Amino acid sequence: AQSVAQPEDQVNVAEGNPLTVKCTYSVSGNPYLFWYVQYPNRGLQFLLKYITGDNLVKGSYGFEAEFNKSQTSFHLKKPSALVSDSALYFCAVRDPSGYSTLTFGKGTMLLVSP
Amino acid sequence: SQTIHQWPATLVQPVGSPLSLECTVEGTSNPNLYWYRQAAGRGLQLLFYSVGIGQISSEVPQNLSASRPQDRQFILSSKKLLLSDSGFYLCAWSQADSYEQYFGPGTRLTVT
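Chains A and B supply the protein sequences, listed in that same order.
If you count the first sequence from 1, you need to add 114 to reach my numbering.
The numbers in my numbering rise by one with no breaks, and the one at position 92 of the second sequence is 86.
So here's chain B without its partners, still in its complex pose (with noise of 0.2 Å):
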């Protein structure tokens, strides 16, 4: 079966500190992969999406910036972060061919 896993689950860190975050899926190949922020009013919003090694799709311009340098590998990353840039990270992936996602546990940032 297939499993995503995402770390950390936590993480705490200073406005202007860099960031990376990463996701990683088990048990299938060639998934579609995709980033979301969740804030505190509870909202999804889309950040990245990736249908391939090295092919990325920014859905929202920010400080943020998205990986994928393997398969199965997705990664979240900020050279600056932000106070703005607080909330819940979700990955999730779907296979190419089918249309539902399925949501890692998702890290919490606290940017202080």
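Next comes chain A alone, as it looks inside the complex (with noise of 0.2 Å):
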């Protein structure tokens, strides 16, 4: 069965600086990964994703991540840290077996300090 791994509960880092949230992952055959973000109290919003190709991925409100297949990693980053960047950082991999269910990870809250 597939998994997702963030071994950070959380990441500290002051605004201005880069930021880095780590995910890990194993499943059978191609990965199909994504980040959201949650704000306390709300749905979780999707971020980015990859599928295929370049394994640099930009995704929504500067982030990007970064898929490392022989690492099994798509961690998660963004040159400038915001304030507002403050959230629960959730990775996810699509099940394999065909209905677009995602298996999470338990998340990381993200603080970024003025």
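Think of the hints as simulated: they come from the structure by calculation, not from any bench.
Some clues are possibly wrong.
Using C-beta positions, here's what the derived DEER-type ranges look like [what the hints assert, rightly or not]:
hint	chain 1	residue 1	chain 2	residue 2	range
1	A	T134	B	S(-5)	26 to 36 Å
2	A	A128	B	Q7	23 to 33 Å
3	B	S51	A	T186	40 to 50 Å
4	B	K73	A	S194	43 to 53 Å
5	B	T106	A	K183	23 to 33 Å
6	A	L225	B	S11	22 to 32 Å
7	B	N24	A	K183	27 to 37 Å
8	A	T186	B	V9	22 to 32 Å
9	A	S227	B	I47	46 to 56 Å
Output of the computed footprint for chain A on chain B, the stretches with three or more beta carbons under 8 Å from beta carbons of chain A [to be verified]:
hint	segment
10	38 to 51
11	66 to 80
Below, a sample of chain A positions facing chain B; criterion: calculated Cβ distance under 8 Å [what the hints assert, rightly or not]:
hint	residue
12	Y146
13	F148
14	G157
15	I165
16	K183
17	S198
18	S214
19	F218
20	G221
Fair warning: this is a prediction, and the values are worked out from it, not measured in the lab.
Using N, Cα and C, we set each Cβ at its ideal position, and we do this for glycine too.
Take each chain as given, in its own frame, and dock them per the hints.
What follows is the structure in structure tokens.
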């Protein structure tokens, strides 16, 4: 079965500094990978996805993610963090069985300090 | 454009009472639909998904059930709520031939 690991419960970064939120995955076949963001008491918002092609994927709000097949990783990055980026971030992998179900990581809280 | 609605936004129910949460999607047809629960510890648990009217797949056996009476309507129900049913319930949809899911605003359920 597929799985996603987000090894950090929380990431702290100062505003203006680069940020990285880590994700590793395990899945049979080609990985379809996603990042979502959740603000307090809100639903999840889609940020970006990797299906195939370029290993560097660009998404919403200036975020990007780097797919690394050899390390089975899909880390989320942003060159310059904003206080408003503070939120809960989820990595997810698609179930290869074909029904578009996703398996989510446990989430990483990003806190950006002014 | 597509939108997804959930109601109610918040709900406080006593143990043993019934539950009905509703989710509707606008602006698309024949979507895949999903119900998730997010407990206090933040992880997302897939409860049910549906690829068509009347077609429901359950991921986790529990006292909850789901129904899809119309193409763009997905209902989560329970006959008797348990304390452990408390959580944040999220509905999501995806295109049948796509991969990313889009989430509704969620329903905060507190069982007392």
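Hints versus structure:
no., hint, in the structure
1, A:T134 with B:S(-5): 26 to 36 Å, "holds (32 Å)"
2, A:A128 with B:Q7: 23 to 33 Å, "violated (43 Å)"
3, B:S51 with A:T186: 40 to 50 Å, "violated (27 Å)"
4, B:K73 with A:S194: 43 to 53 Å, "holds (52 Å)"
5, B:T106 with A:K183: 23 to 33 Å, "violated (49 Å)"
6, A:L225 with B:S11: 22 to 32 Å, "violated (38 Å)"
7, B:N24 with A:K183: 27 to 37 Å, "holds (33 Å)"
8, A:T186 with B:V9: 22 to 32 Å, "violated (43 Å)"
9, A:S227 with B:I47: 46 to 56 Å, "holds (49 Å)"
10, 38 to 51, "holds (count 5)"
11, 66 to 80, "violated (count 0)"
12, Y146, "holds (5 Å)"
13, F148, "holds (6 Å)"
14, G157, "holds (4 Å)"
15, I165, "holds (7 Å)"
16, K183, "violated (18 Å)"
17, S198, "violated (19 Å)"
18, S214, "holds (5 Å)"
19, F218, "holds (4 Å)"
20, G221, "holds (5 Å)"
Going through the hint list in order, the structure does not satisfy hints 2, 3, 5, 6, 8, 11, 16 and 17.
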